[in-house]
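Asker: In case you want the letters, here they are:
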Amino acid sequence: MAGLELLSDQGYRLDGRKATELRKLQARMGVFTQADGSAYLEQGNTKALAVVYGPHEMRGSRSRTLHDRAVINCQYSMATFSTAERKRRPHGDRKSTEMSLHLKQTFEAAVMTQLYPRSQIDIYVKVRVGLTLHLVRGIIAEIDFFVIVHKHVSIVFQQILQSDGGNYSVCVNAATLAVIDAGIPMRDYVCACTVGFVDETPLADLCYAEENGGVSSLALALLPRGGQIALLQMDARLHQDHLETLIEAAMTACKGVSKVLDEVVRQHLQEASVLTGE
Amino acid sequence: MLKSKTFVKKTRSGGVMKVVREHYLRDDIWCGSEVCTECKQESTVLQKDACMESSLCSYPHYLVPDTNVVLHQIDILEDPVICNVIILQTVLQEVRHRSAPVYKRLKDIIHEKEKRFYTFTNEHHRDTFIEREPGESANDRNDRAIRVAVKWYSQHLKTFESDTDGLKVVLLTNDQGNKQKAQDNGLLVYKCEEYVKSLIANPELVDRLALSSDDKNEITSSKVLFPEHLPLSRIQTGIKSSSFLQGTFRASRDNYLEATVFVQGEGEDSTEVLIQGLQNLNRAVHQDVVAVQLLPRSEWVAPSSVVLQDEGTAKDDEDAEEEEGKVTAVEAARKPTGKVVGIIKRNWRPFCGMLNVSQIKESTRHLFTPADRRIPRIRIETRQASTLSGQRIMVAIDGWPKDSRYPNGHFVRSLGGAGEKDTEEEVLLLEHDVPHQAFSQAVLSFLPKMPWAITPEDMMKREDLRPLTVCSVDPPGCTDIDDALHCRELENGNLEVGVHIADVSHFIRPGNALDKEAANRGTTVYLCGKRIDMVPELLSSNLCSLRSNVDRLAFSCIWEINHKAEILKTRFTKSVINSKASLTYAEAQMRIDDTNKNDDITKSLRGLNKLAKILKRQRIEKGALTLSSLEVRFHMDSETHDPIDLQTKELMETNSMVEEFMLLANISVAQKIYDEFSECALLRKHPAPPPSNYDILIKAAKSKVKIHTDSAKALADSLDAAKVDGFPYFNTLLRILATRCMMQAVYFCSGMDSDFHHYGLASPIYTHFTSPIRRYADIIVHRLLAVAIGADTTYPDLMDKHKQSALCNNLNYRHKMSQYAQRASVAFHTQLFFKSRGILNEEGFVLFVRKNAIIVLIPKFGLEGTVFFDSKDKVSPNIVFEEEGPTLSVEQHKFHIFDKVKVTISLDDSNIQHQKIRMALIEPVSKKTKLERNLM
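For the protein sequence lines, the chains are A and B, in the order given.
In terms of our numbering, the first sequence opens at residue 1 and continues consecutively.
In terms of our numbering, the second sequence opens at residue 1001 and continues consecutively.
So that you can see chain A by itself, here it is in the shape it has in the complex (with noise of 0.2 Å):
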């Protein structure tokens, strides 16, 4: 049988974008009270949940403490339930580790961390796929799996567990805003896109079934304003003559993020000054 057909002669993708467009792009920030900043963000079927505690003095170790800046502490996880195979990996697995550790550096990029000497930035994000969620409804259910998962309390939940691709690129998006509503200060907004090349074309942000169809993907995150990358990561093999349209294109994405993003802040410091009453 004949794979999908990725993108189309009238310039289609499965999805019916057009290999420019990203994916409707929806978040919302403070969504959680305890923490010191927190973000949602659904990009397409792709949910996270971002968490900011900090900065704060360093917990544990006390050895890893820098004194001329804070240090930056990613953990990624995905929901047990967000993949289509359910799995319990509670100390979590290289995958996790690997974006761990992409999302660190994507932020110690921008987080200014020379502020905060000697002290500690926390940023839990976590993914949840699949599931329309409506953010006006019922983002209080939402939250209170997620806390019941970090407890480890395994529950049963009948919904649809896919992934639906650009899991990182979601998550810097969401961990940006909550660092954002934690108002610790950062160069820029750091917004990221997955772009990926087909028929001599790149698509941006690709989906589930995208990413999975043979597509070379890269992955990267912008400082849009200056235009300097923060991160950029490729598994997949690409002619070098190919990587620099690709790059091109992934940055028009990131900005087009950037957009979004830019307007979810104003509209949620609206939101604020009204109830704060300024």
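These aren't lab readings, by the way, just hints derived from the structure by calculation.
All clues given are correct.
Here are the simulated SDA-like pairs of lysine to any residue, each with C-alpha atoms no more than 25 Å apart in a straight line: (1) B:K1113 / A:S8; (2) A:K18 / B:I1109; (3) B:K1461 / A:D241; (4) B:K1801 / A:R237; (5) B:K1801 / A:L7; (6) B:K1104 / A:G213; (7) B:K1040 / A:G11; (8) A:K24 / B:E1131; (9) B:K1801 / A:L238; (10) B:K1040 / A:L22; (11) A:K18 / B:H1156; (12) B:K1107 / A:L14; (13) B:K1516 / A:H239; (14) A:K259 / B:R1026; (15) B:K1699 / B:F1868; (16) B:K1516 / A:H242; (17) B:K1801 / A:H239; (18) B:K1801 / A:S216; (19) B:K1803 / A:I247; (20) A:K18 / B:H1111; (21) B:K1107 / A:L7; (22) A:K255 / B:D1028; (23) B:K1113 / A:G11; (24) A:K24 / B:D1028; (25) B:K1107 / A:G213; (26) B:K1516 / B:A1745; (27) A:K18 / B:I1110; (28) B:K1113 / A:D199; (29) B:K1803 / A:H239; (30) B:K1107 / A:G11.
Among chain B residues calculated to face chain A with C-beta under 7 Å, some are: (31) E1022; (32) H1023; (33) Y1024; (34) T1119; (35) T1121; (36) H1124; (37) P1796.
No residue lacks a Cβ here, since even glycine has one placed at the ideal position from N, Cα and C.
Given the coordinates of chain A, assemble chain B onto it according to the supplied hints.
Answerer: Structure of chain B alone, referenced to chain A:
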């Protein structure tokens, strides 16, 4: 611009897993019509006055075919008459899913501007997307989606009614239910047949209509001839539980009641299943992918050595079973035998052939006999039988109902009168799938502009070898010269030898239309008196051809060699050369032999010749095989281009001289590119044949000499030793037979295979480098080598082993097909030759012995074919066939392999459809029987 309304589409796969995909609906998908002022499209496809004159639709209209119409009536859609068609995305996707060839053809039509086919992405349009309702099947949903889209179009176009003359949209469907529902919705809908028949001024289009399933009943009798095919789901479970086997169906050329199914196993482990009898063949056609069930071991049979041709009449012949020779074979010769239980994938294409006009004058149904004997005859319906008889035509198969002896098909196009040279050439090119159309404008646009000259930049990058005494040696009349040689003495006493190859990759840049066309063609095809070029003539015969006394770009491979022919140094460079002479093999030979000549060219040739002899000896010592196959050359009449004489090609020392250096260059290059790119080097290998392949050779020779086949070296030695006094041709015959035992040499990508050995040349690694004008593989090798020496840049596809591997498959296929086409062309010219010659008596040798026939080779004409000993209308002579031998006793005489016979050759053109070369055995003579020999 993005209407980001998210839909969730759920599809189940497997047990628990659910898949969620987003499905975006848009409001920026335009209708593609010229009349529309609402849509903000940049360019329109569909015309305002869409005029196809039809008695059913007298108004301008756009056609919307449904999936089944596209799948079955693609021939109609390809006709230039049909234009202004809307192809819905739903239809396109379904077609893609169901038939790759039709999908490709449809896409080709869509790309053709004049056809005005517009693809409407209805699945992502805000107004035309529909969700599957509970209880609705996927097909029903798609049908509904098509109706909704048609409805949308007709309403959309209605808004501009004032400035169109009632432009309408017409749905074409063959599904009765769908048609009814569409009519209820108030849509204009016709059956495809109705519509095509209503087209005024194009009555011949009706012949191209594929017979749809409703028409079947009237054609055939109620008698069920074949067992039902199993549904795909049962086949799949059967294959999983290994009660069925999946394989490619290969009909036998010699016997229409026999076929083999080639089952590809893991790695090298593949088997062949024999299928015998009409019932067991069960409507499979050559090249179909089928599921077979093995019969119990007791019912296994041996492949019959009988040669049978389907001479059945236009009726469904009931006595087909009688023809089936029930053979009781020796236990050992029995092979796994099976029956076809289902078809997994049909591989039908349009077939060339001729019409057998029905005896009944008024009849519109006729049988069509394909040129390829492995294809069954096809029943078609046409009103133009009288004009089509005597012409070569193309016919496509539509279906094969279980109660019909022959498949049903429809007429596609006519190629011209049978027996005419142009037509026959066209037929054999089509039959062998050789792309032979003139090069398109897009391709020609990438040719260098004339007048062309070597630019100073080119000179900068290249080594200037113009002062060297380079010359080329080729067959007479060769205009695409791709290799030239030089040899000179160095100051240290060693020799410098250079092989200079036309630098085609300089002109053909990767990825452009010219490159793609060449990659598709794969090879230049040489027919008798005609050449089908791989690259346009400007390149093949002029700019790339290394003609004498002009500056040409070359890719040179230069060795330093001592007088013992040991290679001391090898280097490769892009260069500019100026050939001093283009010689033929004979001219070169004369120069070498003529002791009075002592110019530079001659000296260089002598040096080369001397080295070549040593190289050849070394090669043979290593176990390289010298095989033989008879090649004939026609002397053509310069006016009529008819063959006037025929002779086998002569080989001279200079042939082998050029060959030796080409081999050396190929091997050196192969090593270099493999060292540099171990994953993606394009190489050529020749696998060692399995020992059983040699059985026939050993059997045939055992009465006279013993042949060892343990290794290539042993084989080469025993072939050299095999000589029989008073029978000088024996050795050549043995070599011809040995050639038949060999495997095909193939191109492959080094990253995908581990066995590189070239059996015939006894070389551990080999590639093709020396003929880039006529082989695409060489162009790739040139590019690889250019990258390896830093003379050129790489590009993505070159480094992708999967793409390379796909390219190799195409090249291997094209190469094989071009060889078949070449042989067919020789056979056709042989017939022309005998037509003008009348009757000839010639001596020949028995090459193979079959159960009811012998195959004779006439060395003088390099010609072989079958001599039958039984014929239908006459009493069969007393024939005894012995497997061990093999021998065949006819009356008193016993035929062995290699026996000398004498035959009379003549052309039998009583049947213009299949001209035969008829031959009677004169010696040894058997008066009672009339012995004939057919050649096709």
